[in-house]
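> Listed below, chain by chain, are the residues.
Number of protein chains: 2
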Amino acid sequence: MINKSRIKKAQDRMKQQGIDAYLILTHDDYIYFFGEDRYQPRAVIPAQGMPIIVTFSGEEEEVRKSLGVEDVRIFGSVGQQIKDVVQIMRGMVGDKDKLKIGVQMWFGTPAFLLNMFQKANPIVDVVDIASVMDDLRMVKDENEIKLIQHAADIAVIGMKTAVKTLKAGITENDVAAEVEYAMRKAGGHGVATPVYVNSGIRSGWLHGTASDKIIEHGDLVVLDLVPRYKGYCANLCRTFVIGKPNNKHIDMYETYKEAQSAAINVLRPGKKIREIDAVAKSVYTENGYEEFYVAGIGHSIGLSFEETPAPTIHPGDSGITLCENMVMTVGHPVLSVPGTGGVRLEDTFHIKSNETIPITEFPSELELNHN
Amino acid sequence: MINKSRIKKAQDRMKQQGIDAYLILTHDDYIYFFGEDRYQPRAVIPAQGMPIIVTFSGEEEEVRKSLGVEDVRIFGSVGQQIKDVVQIMRGMVGDKDKLKIGVQMWFGTPAFLLNMFQKANPIVDVVDIASVMDDLRMVKDENEIKLIQHAADIAVIGMKTAVKTLKAGITENDVAAEVEYAMRKAGGHGVATPVYVNSGIRSGWLHGTASDKIIEHGDLVVLDLVPRYKGYCANLCRTFVIGKPNNKHIDMYETYKEAQSAAINVLRPGKKIREIDAVAKSVYTENGYEEFYVAGIGHSIGLSFEETPAPTIHPGDSGITLCENMVMTVGHPVLSVPGTGGVRLEDTFHIKSNETIPITEFPSELELNHN
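So the protein sequences, as listed, match chains A and B.
Counted from 1, the first sequence has number 85 at position 85 by the working numbering; the numbering is strictly sequential.
Add 1000 to a position in the second sequence, counting from 1, and you land on the number used in the working numbering.
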C-alpha cells in the first residue's frame, strides 16, 4: 500500500526546495513510496496533492487495487507513456514559466531516458532529487531493517553454499550457479549485483563477475553476495584460499580483517565517513599496504545496493555524518596486490545509538572449512 | 584479443562524422572491441591512433596480457578514473576549442556518470555514439551468430526446465530458481534481464519479474528468458496455462501465434520494421484485438538484450530496413486483455538473404506437456 507519511515528508522537502514534482523512474523509490514493485516503475509525486502512477493498460486494475491510488494513467507504448508524463507536466505548470522536476540520478536512470524526457518536455528543468530523497532514505525504519535482515540471512545461506561448493577443478560459474540457486530457494528475489566469484589473478579485480575460469589450488577466491528480498539488499563478502594459505595470503587477510574491525569500532553516530576511512587506512599503512588503499571503506545499503553515503562513487559523501538507524557496509574495496591477488571482507551493520549491530553474521576465516 | 578491424571501421565513421573519440563506459561495446569483459569497462577509442584502456591497478597486468594493448592507464579510485579520462581528453584536444566525444546512450549508461563526466570535462561536447555503432553492431558476423546460437541453446534448456517445474501450488520465484540454475549449469553466464515468470493477473504485465505469488490452477503463465553467453543474448518467451485452457485463452494464444508467424514470414532483407508491425497488427485486428496491440513486434538482439532497431523504445526505428545477417526477435510485446491476462511468444531469428532461420527452437503449445 501507498506510504502516505513518506510522501508527506518528500513533499515537505520539495516545497522547501522549490521542486514542483518528483518523476519516479526507478524501482527503489517506487517501492519506497508504493510498497510494491513494477518492472517499469513510473510515477509522479507533485509537491502538493495526490501521486499519479503511469502504467500499462494491462496492469491498471491490479495497480488500482493494490495501491488504492485513484489517479492511474494508462499507456499503450513507451512513446505514449512519455506523452502521458508530458501531459501531467502540462497540467501542473499553471502560470509558471518553467517546472522544476526532480529525477533520481543514479545507476537505475539511463542517460537516454532522461534525454528523451527533456526533449519531450521543454517546459521542464530537471534537477537531481537526491537533495530530497537522501535525507529520507539514509535513515531506516524498523520494517526496513527487518527486510535488510531477511536479505542478510539469505546472503548467509548463499555463503554457506559457497563454502560447501568451493574446490579446485570447478569453474567460478559453477560456484555462482549453486549460490544463486540456494539464495532463490531461501526466498531471495534475485540479486542486486551479479554473484561474484573472483579467483586467482581475478581476485585482484576491483569488482567482479563469475567466469569460466577454473578455480585452482592456491587461488584466492573473493565471493561477494548482494541478494534482494522485497526490494531490500544486504551485502556479504568473504575471501577464501583453496588449500593452505601462504604467508602473503595470511598477511593480506589479517591486514584486511584488522582494518575492517577498526572501521567497525568507529562506526557510530556522530562520526564522519572520512573518519572511518582514516582508521582503516592507518591499519593498511601500519602493515605496509598504504599504496593499495582504495578510498571508501563502506557505503549505505537498502533499496539500492549502494546508496548515499557512497564515497567510492561520490567522494563528497566522505563529509556525511553517521546517525542512528543508518545501515552501512564495511569492507567495500579490495586489497589488491599485483602478482598475488586480492582480499576483501564486507559486512552489513545497523548503527544504533550506543552500539553497532552486525546484520550479516558469518565467520571470517581464510581457510575453507567444509564442515 | 583486441579486434582491430572493428576499431578501424568505428574510426572511419568517427572521422566522417567529426567525432574525436568514443568513450566506452558499457560492457557491450567493450566486449565488441576487446573480446573480453571487465566489471567496470572503461576505454577510449580515438578517431585516430591506439585505443586507451583505463583500468584498476590490480587488473593492469591481466589486461595488458590478454589484450596486447600497450596504453593501459591505471587508477586507484573512481575519482581518479575520471581524472584519468580528463587527462586523456586534454592530451587529445591539440589546437581545437572543443572535443566531440561519443558516448553510448542506452540502458548501461547511468545519467549521473554522464553528468560527472561532463562537469569534469568542460572542453568536451558529448554526442550519442549510436550514429557510429548502430551500423556496425546491427549486422552480425559468423562468430557473433554462433555465440547467440549458444545463448539460444541455453534458453531452450531453461524453457524445458520451466515446463518440467510449472504446476499449481508453487511460487513464480520457485520456477525462476530452477530455470536460472539450469541455464547456469548449461554454461550460461547469468541473464541479461531477470528470469520472468508472470502468472495469473500478472501475465498481463508489459514486462515481468518473478514474485512470491503462488501459481494457481487456470493461470496463464508467461516465461521470458534472456540468458547470456560470453556477453551475447538470445530471447525465448512462451506462455502456458495451468490445467485446461478456456476458450478465451485459446483465442488469444492462436491470435498471438498467427501474428508472430505472419511477422516472421516478412522478416526479410529489404523490409522495414514498420511493415513487420503492420502485418502482425492486422492479425490482431482480424481477430478483434486491435485495441490491445502494442507497437514494436520485434527488436534486434546481440551484446545487448535489446538493440537498434528497438522500436518500442525508439519509435523512429520503425523506419529501419532489415538486411542480411541481422538477428531479430519477433514477439516482444504482450497481448494483454484486462480480466483475462496476457499471452506472449518470442523467438530469435537470423535473417539470411533468402530465408529466416530460427535461432531459438522450442515448440509453441499453450498446454503444458510434462513429458
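It is possible that some hints are incorrect.
As the list claims (entries may be wrong) - Derived DSSO-like pairs: lysine-lysine, alpha-carbon spacing no greater than 30 Å straight-line:
{"#": "1", "chain 1": "A", "residue 1": "Lys119", "chain 2": "B", "residue 2": "Lys1281"}
{"#": "2", "chain 1": "B", "residue 1": "Lys1185", "chain 2": "A", "residue 2": "Lys213"}
{"#": "3", "chain 1": "B", "residue 1": "Lys1015", "chain 2": "A", "residue 2": "Lys213"}
{"#": "4", "chain 1": "B", "residue 1": "Lys1004", "chain 2": "B", "residue 2": "Lys1160"}
{"#": "5", "chain 1": "B", "residue 1": "Lys1352", "chain 2": "B", "residue 2": "Lys1008"}
{"#": "6", "chain 1": "A", "residue 1": "Lys98", "chain 2": "B", "residue 2": "Lys1119"}
{"#": "7", "chain 1": "A", "residue 1": "Lys230", "chain 2": "B", "residue 2": "Lys1119"}
{"#": "8", "chain 1": "B", "residue 1": "Lys1004", "chain 2": "A", "residue 2": "Lys213"}
{"#": "9", "chain 1": "A", "residue 1": "Lys119", "chain 2": "B", "residue 2": "Lys1230"}
{"#": "10", "chain 1": "A", "residue 1": "Lys213", "chain 2": "B", "residue 2": "Lys1119"}
{"#": "11", "chain 1": "B", "residue 1": "Lys1008", "chain 2": "B", "residue 2": "Lys1146"}
{"#": "12", "chain 1": "B", "residue 1": "Lys1185", "chain 2": "A", "residue 2": "Lys248"}
Claimed, not checked - With the Cβ distance kept under 7 Å, some of the chain B side facing chain A (calculated, not the full set):
{"#": "13", "residue": "Lys1065"}
{"#": "14", "residue": "Ala1111"}
{"#": "15", "residue": "His1207"}
{"#": "16", "residue": "Ser1336"}
{"#": "17", "residue": "Gly1342"}
Quick caveat, the hints were computed from the structure, so don't treat them as lab data.
The beta-carbon is built from N, C-alpha and C at its ideal position, and this holds for glycine as well.
> Which constraints among the numbered hints does this structure fail? Numbers only, ascending.
3, 4, 7, 9, 10, 12, 13
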